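Given chain Y's structure and the hints, the job is docking chain Z onto it.
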Amino acid sequence: MKKILLYLSAFALAAAGLSSCADDYDEYDNSYLLDNDETMTLTASATTLELKEDTPADEPVLTFTWTDARQMPDDYIISYIAELDLAVNEFTTSVRETLNEGDYSISYTTEQLQNLIIDTWGQSNSVASTLSFRVIAKWEGGSKYAMPEVRTVDIDVRPYRPLVFDADNVYLEGSSVTGTTSQRISTTVEDENIYASYLQLAAGELVIRLEYNDVSQYIAPEEGQTTDFQDGEAVPARVLAPVEVEGSDKAEVPVEAKWSIPQDGKYRVVVDLEEKTLTMYSESHPINEEFTVTWYPNDDHEKYEEITTTLSGDRVIYLRGDSGGWKKEGKAITIVQSLADPMIFVYSGDAFNGRTDFALVNFSEAEFNDYNKPSDGVNNSYEIGPALDPDAWDGDGQDKDGNGSIGNGAVVTLGSWSKNQFRHGSGTWYEDKEGNIVDENTEGAKKIDPKGSYWQVPSGTNYVTFDFRNLLIKFESR
Amino acid sequence: MCLVLPLALALSCGEKEVPDDGAGTSWGSNIPEGNAELTIKSDIKKKLRNPLSGWVVYVPMIDDVDEFWEKYENFPSSEGTVNVFDYGHVIYLRGSWTDFNPEEGVYIWDDGIDEVKYPLARSLRLFEEGAKERGLTLAFTLKVDSRDANAFCTPDFVKEKMDAKYGSNAGGRLVTKDGKTVHTPGKGYFNFTLGSAGNERQYWSPYPDDPVFQEEYAKFINALAREYNDPAVTEFISGLGMGKWGEYHTCVYSTNDETPREAVFEWVTDVYANAFTKVPVVTNYHKFAGCIISEGLAENEPERCALTEKLMSSAISKGFSMRHDAFGMTSGNFGYAGWEKKFISQWRFQIPVLGEGGWIVTNGDYTTDDAGGYKTPHDLRQGEYDAMASAYVNMMDLRYDATYTRGETWSWFNDAYDLVEDFLEEGCYKVYPDRVTVPTKVTNGRTYTVQHRWLNKGRAYCPTNIKQYQGRYKVAFALLNTSSGKVVGDNVFYDEKALPHEWTLDSGRKQYEFDVTPDGIAPGNYCWAVGIVDTFTSDPEAGEYNIGIELAAQGDFAEDGWLMLEKVAVVD
Numbered sequence: 001m002k003k004i005l006l007y008l009s010a011f012a013l014a015a016a017g018l019s020s021c022a023d024d025y026d027e028y029d030n031s032y033l034l035d036n037d038e039t040m041t042l043t044a045s046a047t048t049l050e051l052k053e054d055t056p057a058d059e060p061v062l063t064f065t066w067t068d069a070r071q072m073p074d075d076y077i078i079s080y081i082a083e084l085d086l087a088v089n090e091f092t093t094s095v096r097e098t099l100n101e102g103d104y105s106i107s108y109t110t111e112q113l114q115n116l117i118i119d120t121w122g123q124s125n126s127v128a129s130t131l132s133f134r135v136i137a138k139w140e141g142g143s144k145y146a147m148p149e150v151r152t153v154d155i156d157v158r159p160y161r162p163l164v165f166d167a168d169n170v171y172l173e174g175s176s177v178t179g180t181t182s183q184r185i186s187t188t189v190e191d192e193n194i195y196a197s198y199l200q201l202a203a204g205e206l207v208i209r210l211e212y213n214d215v216s217q218y219i220a221p222e223e224g225q226t227t228d229f230q231d232g233e234a235v236p237a238r239v240l241a242p243v244e245v246e247g248s249d250k251a252e253v254p255v256e257a258k259w260s261i262p263q264d265g266k267y268r269v270v271v272d273l274e275e276k277t278l279t280m281y282s283e284s285h286p287i288n289e290e291f292t293v294t295w296y297p298n299d300d301h302e303k304y305e306e307i308t309t310t311l312s313g314d315r316v317i318y319l320r321g322d323s324g325g326w327k328k329e330g331k332a333i334t335i336v337q338s339l340a341d342p343m344i345f346v347y348s349g350d351a352f353n354g355r356t357d358f359a360l361v362n363f364s365e366a367e368f369n370d371y372n373k374p375s376d377g378v379n380n381s382y383e384i385g386p387a388l389d390p391d392a393w394d395g396d397g398q399d400k401d402g403n404g405s406i407g408n409g410a411v412v413t414l415g416s417w418s419k420n421q422f423r424h425g426s427g428t429w430y431e432d433k434e435g436n437i438v439d440e441n442t443e444g445a446k447k448i449d450p451k452g453s454y455w456q457v458p459s460g461t462n463y464v465t466f467d468f469r470n471l472l473i474k475f476e477s478r
Numbered sequence: 001m002c003l004v005l006p007l008a009l010a011l012s013c014g015e016k017e018v019p020d021d022g023a024g025t026s027w028g029s030n031i032p033e034g035n036a037e038l039t040i041k042s043d044i045k046k047k048l049r050n051p052l053s054g055w056v057v058y059v060p061m062i063d064d065v066d067e068f069w070e071k072y073e074n075f076p077s078s079e080g081t082v083n084v085f086d087y088g089h090v091i092y093l094r095g096s097w098t099d100f101n102p103e104e105g106v107y108i109w110d111d112g113i114d115e116v117k118y119p120l121a122r123s124l125r126l127f128e129e130g131a132k133e134r135g136l137t138l139a140f141t142l143k144v145d146s147r148d149a150n151a152f153c154t155p156d157f158v159k160e161k162m163d164a165k166y167g168s169n170a171g172g173r174l175v176t177k178d179g180k181t182v183h184t185p186g187k188g189y190f191n192f193t194l195g196s197a198g199n200e201r202q203y204w205s206p207y208p209d210d211p212v213f214q215e216e217y218a219k220f221i222n223a224l225a226r227e228y229n230d231p232a233v234t235e236f237i238s239g240l241g242m243g244k245w246g247e248y249h250t251c252v253y254s255t256n257d258e259t260p261r262e263a264v265f266e267w268v269t270d271v272y273a274n275a276f277t278k279v280p281v282v283t284n285y286h287k288f289a290g291c292i293i294s295e296g297l298a299e300n301e302p303e304r305c306a307l308t309e310k311l312m313s314s315a316i317s318k319g320f321s322m323r324h325d326a327f328g329m330t331s332g333n334f335g336y337a338g339w340e341k342k343f344i345s346q347w348r349f350q351i352p353v354l355g356e357g358g359w360i361v362t363n364g365d366y367t368t369d370d371a372g373g374y375k376t377p378h379d380l381r382q383g384e385y386d387a388m389a390s391a392y393v394n395m396m397d398l399r400y401d402a403t404y405t406r407g408e409t410w411s412w413f414n415d416a417y418d419l420v421e422d423f424l425e426e427g428c429y430k431v432y433p434d435r436v437t438v439p440t441k442v443t444n445g446r447t448y449t450v451q452h453r454w455l456n457k458g459r460a461y462c463p464t465n466i467k468q469y470q471g472r473y474k475v476a477f478a479l480l481n482t483s484s485g486k487v488v489g490d491n492v493f494y495d496e497k498a499l500p501h502e503w504t505l506d507s508g509r510k511q512y513e514f515d516v517t518p519d520g521i522a523p524g525n526y527c528w529a530v531g532i533v534d535t536f537t538s539d540p541e542a543g544e545y546n547i548g549i550e551l552a553a554q555g556d557f558a559e560d561g562w563l564m565l566e567k568v569a570v571v572d
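Chains Y and Z supply the protein sequences, listed in that same order. Going letter by letter, the first sequence gives residues 1 to 478 in the working numbering. Going letter by letter, the second sequence gives residues 1 to 572 in the working numbering.
Chain Y extracted, bound-state conformation:
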């Protein structure tokens, strides 16, 4: 306490010395406070500094060095304290370090400075911040208060913008992109973290540029991976910053980010920001096959001709059941094909709910009018409905666990892929426990009727993803 009072007194006296009351203190000898022959000097290794993300973690990039403070008698014990803060905060939010005896410098690494500026002091990484560093030499003990020596220096530090595997926009560039220097690709309908395109490329180099917060970065394979074309392989990837060209303001695409396109042709390019992968498919890759079924209305091979249905592009299908108002023609909705996988389609639109199955083709389409007359007794459409575990199924397309009785439908969990694959077809058929189509007289055979089995869709559902490759479906409320 004594020291603090003296410290305050010192400033009070100094202030008094400037006032009209100076005479009152003429006899007070405060020379030991003010004429103290300070000796400490402080230097910084730089006055401006631009942090680089690729600097080794333990490499000091900024060092402050000082010299001894003045000598004091033996009954004084000296300590040196270093503080660093944003200049505008004036050491109210500083990080503080008491130095060990004999230590006359303190260094900071890129990581330390970056974390302080961004995380501790909440500054932007797009502008330089002015930091203040000060070193205080203070004494304890002694018969009189010893004025600390304080040295301060400011330095402008520009943080780096960390490379992150993220993008506001994704562009395809390089010699393999023809007709334009940069082609922007879009997110897929099913996942905003996946960018994809199915396009014509020429043999050459393909560069994938991610634009994020107005900064460009490039996709390169992870260490140990290759830029060679690997048909259908999801290649673990990273992002790289442009490489500065020495002696120029320009920057180049890193060589590690130039992917090889072996020959002219159509390619499907898929960038998954969440999984941090790049997948490229040639035109001949099986993924490009579309969902195609051949079928007979009512599965009646004698009465009807075989029909081939392929799902492609933007496609109209039909809600049926509660959601379709129990009309034979159902309610038309449009599903959109994914750019990343042509067997994935997405519905996004008005909400629907209640018991629902889907007709990929329905009787109201003109070409089928001949064979779906009311006299047929059935709706001769091609349906998809929930596939149910035969052990939990009563044979009429109802889920016993989902309340069991006919018409209640399979319980849907919003946001999750269906537990079981869905069924699709026309008419009815019989399956054994393993899902093989069998004769109806086979022991244990279960009757399958996709038209008669429903998903019990919760209200608010306005987004559905159909995965025809894996026969899975996901309902969501977005």
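Since the hints were made in silico from the structure, they are not lab data. Heads up, a few of these hints could be off.
Residues from chain Y shown here face chain Z by an in silico Cβ test under 10 angstroms; the list is partial [said to hold, decoys possible]:
#	residue
1	D74
2	Y76
3	I77
4	L99
5	N100
6	E140
7	G142
8	P262
9	G427
10	E431
11	D432
Keep in mind it's a predicted model, so treat the numbers as computed, not measured. All C-beta atoms, glycine included, are put in the ideal place defined by N, C-alpha and C.
Positioned in the frame of chain Y, the structure of chain Z alone reads:
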């Protein structure tokens, strides 16, 4: 360490330079002929395990002690995973008298006790074993009052004795209704109800002035001392067990007033002080110690506060150290405020102070119910830290929370890691010799002069003056064998004039000279070393000298903790 030692000795002993750090010795050029002068620098960064210094690891008598060790040795912090025991070496066990003495004559530390019947015996054993394995010490506080516990804190056999003695007069009643407490006195103990309407639970607590209680409590404290008055095991005992939260306020006496206050305090402090002669005993300082109230302004209670000063002074004279458990609570009514600050300032550097924060961070009420203006957990921690710094505390507390992922310990390490480090670097005492002169050539049986100068770079003082430590820690110079790193024979020389408790930030450096007479040493090269020896746990006859206070010095240390100084040749 052991294998490296000879090499370290060979490299470091006798090769020190004497840099000019500007702090010349006052012995100036008056250095004995043949002595080498050495300068030693301080090291405030090294984490030291010193008596009554550092963070106290506060834990109740939990069942899953193994989980406690595992969690605390891998504790999340803002700086990554840490081992809490690198920061605090004292396990402060908080329990009740009943926990430790569940039946008459049964103590949970008894050898061969049935751990199934008395599961806390297993907990205590695991705490003791774990502490020993890790080089930690234990501390205890054992309360007797059930009002804040939801448990019977005084054993039933005590009540049975009271019932037998007082018959129908046994048991008063304490009733709290509409915010008012009414006490109808009885004999021996008072009954009271805890819990809300429809969920009431009946408890009792003893009157501190009751003779049956006093007789049985004294038996218990003496039994505890027979087991734990051992400086190798126990860091301190925190009394006095009575009052709410064991903090010795809001007491209820059989007289229904404070008539017995002074007599009870003198009795119980005698019991503790007489029982624990080798281990520090601690009691709470606050203006209402032993009072029947817990809140109020000091200026409105001059007589109570005057008696408190008298009682505290009496306790200190008996050898008590001080603690306070409401640091950070700034209220003049119930917190750490003017009276407490003024009181402890009178005892600065005379007795050690142990600090405990008052608020519980997870409750959040520190933001609304304290005038300190705390807004964040770091604000609270800073408030506690500053208040404890103003009391020059020797120890701060890391309070336990069963979740391990919130509460005080978690908060200190995650909201205020900087303060955790600051306390170790600046708050705790940091003693070391900065200048030493020692003879470099000696002959057996001849006397030489050693000069040495010491200081303390920490805020707290080194409490070697307290009653239980008197004669325990001694500054010593020793001759070490360069190959074994062990003391040669009994060539350990104590300078009885060098008293670590006299080294404070205010006092600057203290210098000493004393004579040493090496003897019984075969000719050859040896090493001078310095240390502060714990003479209570050392066994000179077996050649064992335990360093009791680690030095905050840069340099090379022998495995046993001696700071190696200078090569010395022993000649015929």
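We went through each hint and held it up to the structure:
Satisfaction of the interface hint for Y:D74 is found here, the shortest Cβ-Cβ separation to chain Z being roughly 5 angstroms, below the 10 angstroms cut-off. Against a cut-off of 10 angstroms between C-beta atoms, the interface hint on Y:Y76 holds, since the closest Cβ of chain Z lies about 6 angstroms away. Nearest Cβ of chain Z to the Cβ of Y:I77: about 6 angstroms, under the 10 angstroms cut. The hint holds. Against a cut-off of 10 angstroms between C-beta atoms, the interface hint on Y:L99 holds, since the closest Cβ of chain Z lies about 8 angstroms away.
Taking 10 angstroms as the C-beta cut-off, the interface hint given for Y:N100 holds, the closest approach to chain Z being about 5 angstroms. Annotation: interface hint on Y:E140 holds; nearest CB of chain Z at approximately 4 angstroms, less than 10 angstroms. A cut of 10 angstroms between beta carbons decides the hint on Y:G142: the least distance to chain Z is about 6 angstroms, and the hint holds. For Y:P262, the shortest C-beta to C-beta distance to chain Z is roughly 47 angstroms, which exceeds 10 angstroms, and the interface hint is violated.
Below 10 angstroms, beta-carbon pairs count as interface contacts, and Y:G427 has none with chain Z, the closest being about 59 angstroms; its hint is therefore violated. Below 10 angstroms, beta-carbon pairs count as interface contacts, and Y:E431 has none with chain Z, the closest being about 51 angstroms; its hint is therefore violated. Hint on Y:D432 is violated. Least Cβ distance to chain Z is approximately 52 angstroms, over the 10 angstroms limit.
Checked against the numbered hints above, the structure breaks hints 8, 9, 10 and 11 and satisfies the rest.
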